[in-house]
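**Student:** So the chains spell out like this:
4 protein chains.
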Amino acid sequence: MSAPTSSASAQQPVAQAAQATQSQNIVDPEDLIRSDDPEHPANLIPELCRGFYKLGWVTGTGGGISIRRDDHVYLAPSGVQKERILPEHIFVLPFAQSSVPKPGSQRDFLRIPSKKGLKESACTPLFWNAFTMRNAGACIHTHSQHAVLLTLLLPRDAQSFQISHQEMIKGVRLGGNGSTLRFFDTLEVPIIENTADEEDLTEGMAEAMEKFPNAAAILVRRHGVYVWGNTWEQAKTQAECLDYLFEMACKMLQNKLPLVGDA
Amino acid sequence: MSAPTSSASAQQPVAQAAQATQSQNIVDPEDLIRSDDPEHPANLIPELCRGFYKLGWVTGTGGGISIRRDDHVYLAPSGVQKERILPEHIFVLPFAQSSVPKPGSQRDFLRIPSKKGLKESACTPLFWNAFTMRNAGACIHTHSQHAVLLTLLLPRDAQSFQISHQEMIKGVRLGGNGSTLRFFDTLEVPIIENTADEEDLTEGMAEAMEKFPNAAAILVRRHGVYVWGNTWEQAKTQAECLDYLFEMACKMLQNKLPLVGDA
Amino acid sequence: MSAPTSSASAQQPVAQAAQATQSQNIVDPEDLIRSDDPEHPANLIPELCRGFYKLGWVTGTGGGISIRRDDHVYLAPSGVQKERILPEHIFVLPFAQSSVPKPGSQRDFLRIPSKKGLKESACTPLFWNAFTMRNAGACIHTHSQHAVLLTLLLPRDAQSFQISHQEMIKGVRLGGNGSTLRFFDTLEVPIIENTADEEDLTEGMAEAMEKFPNAAAILVRRHGVYVWGNTWEQAKTQAECLDYLFEMACKMLQNKLPLVGDA
Amino acid sequence: MSAPTSSASAQQPVAQAAQATQSQNIVDPEDLIRSDDPEHPANLIPELCRGFYKLGWVTGTGGGISIRRDDHVYLAPSGVQKERILPEHIFVLPFAQSSVPKPGSQRDFLRIPSKKGLKESACTPLFWNAFTMRNAGACIHTHSQHAVLLTLLLPRDAQSFQISHQEMIKGVRLGGNGSTLRFFDTLEVPIIENTADEEDLTEGMAEAMEKFPNAAAILVRRHGVYVWGNTWEQAKTQAECLDYLFEMACKMLQNKLPLVGDA
Chain A
1 MSAPTSSASA QQPVAQAAQA TQSQNIVDPE DLIRSDDPEH PANLIPELCR GFYKLGWVTG
61 TGGGISIRRD DHVYLAPSGV QKERILPEHI FVLPFAQSSV PKPGSQRDFL RIPSKKGLKE
121 SACTPLFWNA FTMRNAGACI HTHSQHAVLL TLLLPRDAQS FQISHQEMIK GVRLGGNGST
181 LRFFDTLEVP IIENTADEED LTEGMAEAME KFPNAAAILV RRHGVYVWGN TWEQAKTQAE
241 CLDYLFEMAC KMLQNKLPLV GDA
Chain W
1 MSAPTSSASA QQPVAQAAQA TQSQNIVDPE DLIRSDDPEH PANLIPELCR GFYKLGWVTG
61 TGGGISIRRD DHVYLAPSGV QKERILPEHI FVLPFAQSSV PKPGSQRDFL RIPSKKGLKE
121 SACTPLFWNA FTMRNAGACI HTHSQHAVLL TLLLPRDAQS FQISHQEMIK GVRLGGNGST
181 LRFFDTLEVP IIENTADEED LTEGMAEAME KFPNAAAILV RRHGVYVWGN TWEQAKTQAE
241 CLDYLFEMAC KMLQNKLPLV GDA
Chain D
1 MSAPTSSASA QQPVAQAAQA TQSQNIVDPE DLIRSDDPEH PANLIPELCR GFYKLGWVTG
61 TGGGISIRRD DHVYLAPSGV QKERILPEHI FVLPFAQSSV PKPGSQRDFL RIPSKKGLKE
121 SACTPLFWNA FTMRNAGACI HTHSQHAVLL TLLLPRDAQS FQISHQEMIK GVRLGGNGST
181 LRFFDTLEVP IIENTADEED LTEGMAEAME KFPNAAAILV RRHGVYVWGN TWEQAKTQAE
241 CLDYLFEMAC KMLQNKLPLV GDA
Chain L
1 MSAPTSSASA QQPVAQAAQA TQSQNIVDPE DLIRSDDPEH PANLIPELCR GFYKLGWVTG
61 TGGGISIRRD DHVYLAPSGV QKERILPEHI FVLPFAQSSV PKPGSQRDFL RIPSKKGLKE
121 SACTPLFWNA FTMRNAGACI HTHSQHAVLL TLLLPRDAQS FQISHQEMIK GVRLGGNGST
181 LRFFDTLEVP IIENTADEED LTEGMAEAME KFPNAAAILV RRHGVYVWGN TWEQAKTQAE
241 CLDYLFEMAC KMLQNKLPLV GDA
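Chains as they are written, first to last, in the UniProt record's numbering: chain A, 1 to 263; chain W, 1 to 263; chain D, 1 to 263; chain L, 1 to 263.
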């Protein structure tokens, strides 16, 4: 299994890089999340999460989005109301291909929100899969009911969701980062089993991403979906297209309509 | 039956405490609801109710939220449009373990909104159950259609709703105030029968809370749900997770999918 | 049939009253719709219609609300986007028990919006039924899909919709203006047949209101619902409770659950 | 087949007209999209698209609206998040009866957004069908799930969607630009097959518009709908009425209710 794992040897250079970055460029780590630019990740994440909340994707503190820019990864805290996040709550981690940060190992952080009791999203190693294996610029995780219901309506042993002949397929990219699919193509999204702890999904997600190199997302049975893209715009567009297709597929299955083909 | 009840002897100390508080600390009872802090209960309750309205939880003046902070309980008036409440409409009651305020008994109030014709929410004694029996910091009541439809789709004699193997279960706490449930755990929410008058639910809700000490909420058949938490944030998170599960369970029942297990 | 009708003799005093009001109290008819009070009908109607649009009640220019205050009736123009109405678009008519304004008969107006091409809502005589027969202070008309679908799911010859044992029934008043119903009561809303022109519903609505004196609303098959109340707050509360019950009833019928009783 | 096509000879006069307009009236092409008037097309299109996003019509960058005013056609870029468009992103094309602009042929543009990488909506030639064949002032394209599901629930060989006896039919105009339909009339919307590339729908849409001169819209199987009107207000009103009818028809079909007649 080739899922990236965090090990002492791998973390070493990351910690060094973080120190280097901090000493050379950053006087105050708070500068990492202070910006007047509404498209700065620390401003975007709160705004996007408010939109995701309205869509029913991140209620009950679930789900979220992580954005990678240059050598930094921005993400929300764990277990907080995603529609109420502020820029000052955003965590910033150094990005390195070779390591997945282990939740709670604080030395990997460039910035830890000063508000006590916060820890970074439990999805962190899963977001990392998208960053390292697909060179993604952003990864979105939702608990959308359409995604979850779809994993329940499909046969119990289904390894993936497949659909074709839908216009919205054209908004999804091969592998999440390549060229867009065509109307006649069959979109395929692997389904993995849920685990007790979110971080334990890391390996299963990585395996599915290897087995399905064309997949733009990973469905987690009875849980939700992970979607990524080259940029936050592409990740969001694909998350919307896929959620639309999940919802449409649920309706089609309930009406006994085949998902693949144009019969 | 051990549901807290209001009696002359129990109310005596409350009234005294209220007087003491008023004489010692508070010059103007209006100060209890005047604050620039957006997280002050008098500001939070109107804001949260606007959000609940958009979710369809409190339309037609139904439902609401009560927040307890220190020795004060804040709640909305009865029979008003919950999405239009202002801080000046908020009632403030003294909190005492030993008493449940009887709706309309005005001497228990630290603050009665000056606008004529308002009376405190009919849910007051039900909120009190959560405060006294689970030491809750907040309690939410919704008329969500998902909660009501679920009580209709389950067998007529079902004493509770049970579901397992759903990620959103992990947002719910044992007893509403303990540790969070795990993915494989079976969440159980008791269902009680509705009564003609809301305050007559008090005893039935208390009995169910005793019988189901791990329950984080009480469903009321053909009516709605009461959900509590240590803080307003936890109460809201659990209300969202439970509403998500109620909705998902309705869909699963309509598609003949079992609610418990992972078959 | 006792539906109020507009006749030359009945309109005479109205026109006179209007002239009297104008000469005595009003310098500029625009004053009728200029107010800093957000609860002035000319400000409320646009705001409420924006909310109704979000609920799906008034899309496609359908539906709306009319408010009666003192001797004036305020209503929106016909055929305009209800979520974009401004105070300056509001029509003001004199209210008189004995007359129903005939759409387009301009001498009955105290104020005609200066913007060319507007005419008052085609629902005007239907709103008048609520004002004259139930002394209503406001009347709401929606094209809610829940109302329309319910009229299609019920038997073709059903004269009314009945439901009992729902908490939300308690938000509805006997006759729309009396005491609130109780949980165990059976709520009944008559259903009338639609007509080619909206104003031709006037008589059928009046007949149903006479035949069902306890009804708080009139359903129009394949069209929508009219709901009224003593005040705009009560009309809105009842419209929300009824729409909730229409939606719940559709779900119950689709799940083969009986609407009346608690079996 | 008489669908308007772009040819070298037809484009010549357009290019000349554009040059003439530019030299005579316009100093800076940016003036075409700068206006304080909220109803200027460059301001309206972003605002309307935000509303369409909330309705689920344009998620995943799909769908949009084009407005024609005088000799100019305004439209959004292709492949961008429609709820985030700004006036500065709007394309402006010269309007000429005799030509359909070929996407990407830049000499036809009066204004090309300066932001790099944008190209005009792929729907451009389809919007043109509405402008040239029905003299429309605006055309809306949605990916509404109601439209798409309806094309799946109807028989595979259905050439059109038909419905009667619905109040909302009265908001739709004959041919999209004539008199409004009546309650008893049968509304008919042709359904065409989807194609791999959006612009390849141009001919099929034009054929259907010719074959169904009374149609106010064209459904595209497994894709969405195109709706037009004399003005943007009429196009939006008709898009809302039709979407309501598509949704209602889906529910009726799922409940085995006939779409035509009042049985």
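Careful, some of the hints might be misleading.
Said to hold, decoys possible - Far from chain L, by Cβ distances over 10 Å, these chain D residues were calculated:
1. Gln145
2. Gln159
3. Pro190
4. Pro213
5. Arg222
To be verified - Some chain L residues close to chain A (C-beta under 8 Å, calculated; not the full set):
6. Gly60
7. Val148
8. Leu152
9. Leu153
10. Arg156
11. Gln159
12. Gln162
13. His165
14. Arg222
15. Asn255
16. Leu257
17. Pro258
18. Gly261
Hints are computed from structural coordinates only; laboratory data are not their basis. Glycine included, every Cβ here is placed at the ideal spot set by N, Cα and C.
**Student:** For each hint given before, does the structure comply? Return the numbers of the non-compliant ones in rising order.
**Tutor:** Result: hints 1, 5, 11, 12, 13, 15, 16, 17, 18 break, sorted rising.
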